[in-house]
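Engineer: Now for the letters of each chain:
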Amino acid sequence: MYKFTQQWLIWGLLSIVVLLPLVKPIGLPVGYAAETEAAFKFIDNLPKGSITMMVCEVAPSNAGEIWPAAIAIARHHLEKGHKVVISTFIPDGIMYSLELGKLLEKEYGAKYGEDYIVLPYVAGRETALAAVADNIRGVYKEDQFKQDLNNLPLWTRIQSIKDFAVVSCYTSSDDTWWLVRHIWGKYQVPCISSTVSVATPDSLTYYKNGQLVGMLGGVRGAAYYEQRLGKPGMATKSMDAQSAGHIYLLVLMLIGNVSYWYSRRSQGRRSEG
Amino acid sequence: MKKEGPILIGFLTGSIVITSYFLKSTGLKSISDTVVRWRLIIAAFALALGALNMVRLHGKNIHHKGRNWQYSVVFLVFFLPYLAIGLIRGSNSAQYQYVWKSLYQPASATMYSMTLFYMTNAVWRAFRIRNLHAGILMFTGAAVMLGQIGIGTAISPLIPRFSSWLLDTVNTAGIRAITIGGSLGIVSLGLRVILGLERSYMSDGGN
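As you go down the protein sequences, you meet chains W and P in turn. Numbering-wise, full-length UniProt numbering puts 16 at position 16 of the first sequence, and it's gapless, one number per residue. Numbering-wise, full-length UniProt numbering puts 58 at position 58 of the second sequence, and it's gapless, one number per residue.
Each hint should be verified, as a subset may be incorrect.
[Stated by the list, open to error] Stretch by stretch, here's where chain P covers chain W in the computed footprint (C-beta under 8 Å, at least three residues): (1) 8-14; (2) 25-37; (3) 50-64; (4) 107-116; (5) 229-238; (6) 250-262.
[Claimed, not checked] Each pair of labels, with its calculated beta carbon distance range: (7) W:185 <-> P:130: 49 to 55 Å; (8) P:4 <-> W:41: 42 to 48 Å; (9) W:48 <-> P:113: 36 to 42 Å.
[As the list claims (entries may be wrong)] Just a sample of chain W residues kept apart from chain P, beta carbon distances all over 12 Å, derived: (10) 42; (11) 45; (12) 99; (13) 144; (14) 146; (15) 150; (16) 156; (17) 189; (18) 219; (19) 245; (20) 247; (21) 269.
Calculated directly from the structure, the hints in this document are not laboratory data. The beta-carbon is built from N, C-alpha and C at its ideal position, and this holds for glycine as well.
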C-alpha cells in the first residue's frame, strides 16, 4: 500500500508539473545553443531559390520533440524563398510530410511542384538513403500523389543530390550517421540534423567534426530555432514543460538521496546498538 | 549450390558496392546503383512478408486459443480493415488519414509518453549515491540536465559551461571511441560476408 501511494504521488506531481506550463506558459529562458545558431545562420544565408531537402523521419512517438523543428525549418526555408523537397524513409513519415506540405501552402501560399514536392516513402532505411544520394532520379519516378515527377517544374532542376543546397533530417534514429556517411561523406552536400534529446550527444560529435553544418537537439534546439526565427510555437511552449519536468526530476534525485543516506545512517545506528 | 549460391551473391554484390565507393568508374557506379536499388525492392517485399507473417501468426493464435488470443483478435480487427483502406484507397485518401490521425497517432504518442513515468521511477530509485561511480553518474546527469534548460544559466553561468564541456569533450571522446570501434566491427563483418566466412545470415547458419 505504501509503495502504491508513493508511486502515485510521484506520478501525480509529475503530471501537474508538466501540464501546468503547457496550460499557462511560464516563459522560462531557452539557453544559447551554438549548434542550432549555426544551423539557423546557414539556412538564413542560403540564396533565394536554393533547393533544399527535408528528410521527414517523424513518427507519433518522436513528434513531440522533432516535429516543431521540422515546422520551424520549413517556415524558414519558405520565408527565405527556398524550394523544399520533402522525403521520408519511414512509413509514418509520409503523414507528416503531407502535413508539412499543407502547412506551407496555408501559411506561405506555396505552390505544389514549384515551391515544394512531397516524395513517396521508400523502404530500406539506410540503403534507401544511400540510393537517393547516389541516384535520386533512379529511385523516384513519381511523387506521393502518383504524378510523373518530370512534369513538376521543381524536379526538372534536380539531377543529383549535389543540386541540393542543404539536406536536413528530423529523426530519433541513426539517420544523422547515414546523412554523414552517404550525403556529406560522398558528395559534400551540407547536412543539418534535428534529433530527439537522447540522440543529441551522439549527433553532436558530427557537428563538432564539421560533418554537420548545424544541429537541433530535442525540444531545446527547436525552441531556440523558433525564437531565432521570431515565431514561437510548439517547442517554445513545450520547453517550459520540459524545464519544469527536469527541475522536478532533480528535486526527486535530491530527496531520494537524502532519504537513502538517512535510512543508511539509521541502519548503522541500529546495528551498532 | 544451396551454400555456394548465397556466398557467391554476397561476394559479387559486396565487392561491386564496396569497389564503386572507392573507384571513380561510371560503369561500376551504374552496376552498384542497380544492386542498391535491388535492396530497396527486397526491403519492400520484406514489409509485405512481415505483414503476411503477422496475419498468419495471430490467425494461428486465435485458432488454437493460444496465450492472450483476445489481443490477436484486436490486432486483426484493426489491421485488416486498415490494410484494405491503404491498398484500395491509398495513403493519401481521407479515410486512411482519418484512421491514422484519430487512432494510430494518439495511441502511439500515448505509448511513448508513458515512458516518462517509468523514467521518473528510475530517477527516484536508481540515482542513489551508493558508491563513487553512482555518484559521478548522478552528478554529471544532473549537470547536463540543468545545462539543457535556461534555469541552469540563471542559477550559475558555470552550469551550462560545465554541461557543454561534458558533452563536447567527455561525451564526444566516448562516442567517437564507440563509433570507431563499431565501424571497424562493421568493416570486418562486411569483409567476412564478402569472403564467405560469415554465414550466419543463411537460414541454417551455413551448416
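Engineer: When I compare C-beta atoms, does the segment 107-116 of chain W have three or more residues closer than 8 Å to chain P?
Structural biologist: violated (count 0)
Engineer: Okay, the segment 50-64 of chain W and chain P, do three or more residues pass the C-beta test at under 8 Å?
Structural biologist: The restraint on the segment 50-64 of chain W holds, since 6 of its residues have a Cβ under 8 Å from chain P and three suffice.
Engineer: Quick check for students: does the CB of residue 269 of chain W sit more than 12 Å from each CB in chain P?
Structural biologist: holds (19 Å)
Engineer: Quick one: work out the minimum CB distance from residue 146 of chain W to chain P and report holds if it exceeds 12 Å, violated otherwise.
Structural biologist: The assertion about residue 146 of chain W is violated, with a minimum of 8 Å to chain P.
Engineer: Beyond 12 Å on every Cβ pair: is that true for residue 219 of chain W relative to chain P?
Structural biologist: Its Cβ does come within 12 Å of chain P, the nearest being 9 Å, so this is violated.
Engineer: Taking the CB of residue 185 of chain W and the CB of residue 130 of chain P, does the distance hold inside 49 to 55 Å?
Structural biologist: Since the Cβ atoms of residue 185 of chain W and residue 130 of chain P sit about 43 Å apart, the hinted range of 49 to 55 Å is violated.
Engineer: Checking the smallest CB distance to chain P, is residue 156 of chain W really beyond 12 Å?
Structural biologist: holds (21 Å)
Engineer: Determine whether the non-interface label on residue 245 of chain W survives the test: each CB of chain P must be over 12 Å from its CB.
Structural biologist: About 7 Å separates residue 245 of chain W from the closest Cβ of chain P, which leaves it inside 12 Å; violated.
Engineer: Do at least three Cβ atoms from the segment 250-262 of chain W come closer than 8 Å to Cβ atoms of chain P?
Structural biologist: Three-residue rule met by the segment 250-262 of chain W, so holds; n is 7.
Engineer: For the segment 229-238 of chain W, count the residues whose Cβ lies under 8 Å from any Cβ of chain P; is that count three or more?
Structural biologist: That given contact is violated, which follows from only 0 residues of the segment 229-238 of chain W lying within Cβ reach (below 8 Å) of chain P.
Engineer: Mind checking the hinted window 42 to 48 Å against the Cβ distance between residue 4 of chain P and residue 41 of chain W?
Structural biologist: violated (56 Å)
Engineer: Does the hinted range 36 to 42 Å hold for residue 48 of chain W and residue 113 of chain P at CB?
Structural biologist: holds (40 Å)
Consistency note: the structure conflicts with the earlier hints numbered 4, 5, 7, 8, 12, 13, 14, 18, 19 and 20.
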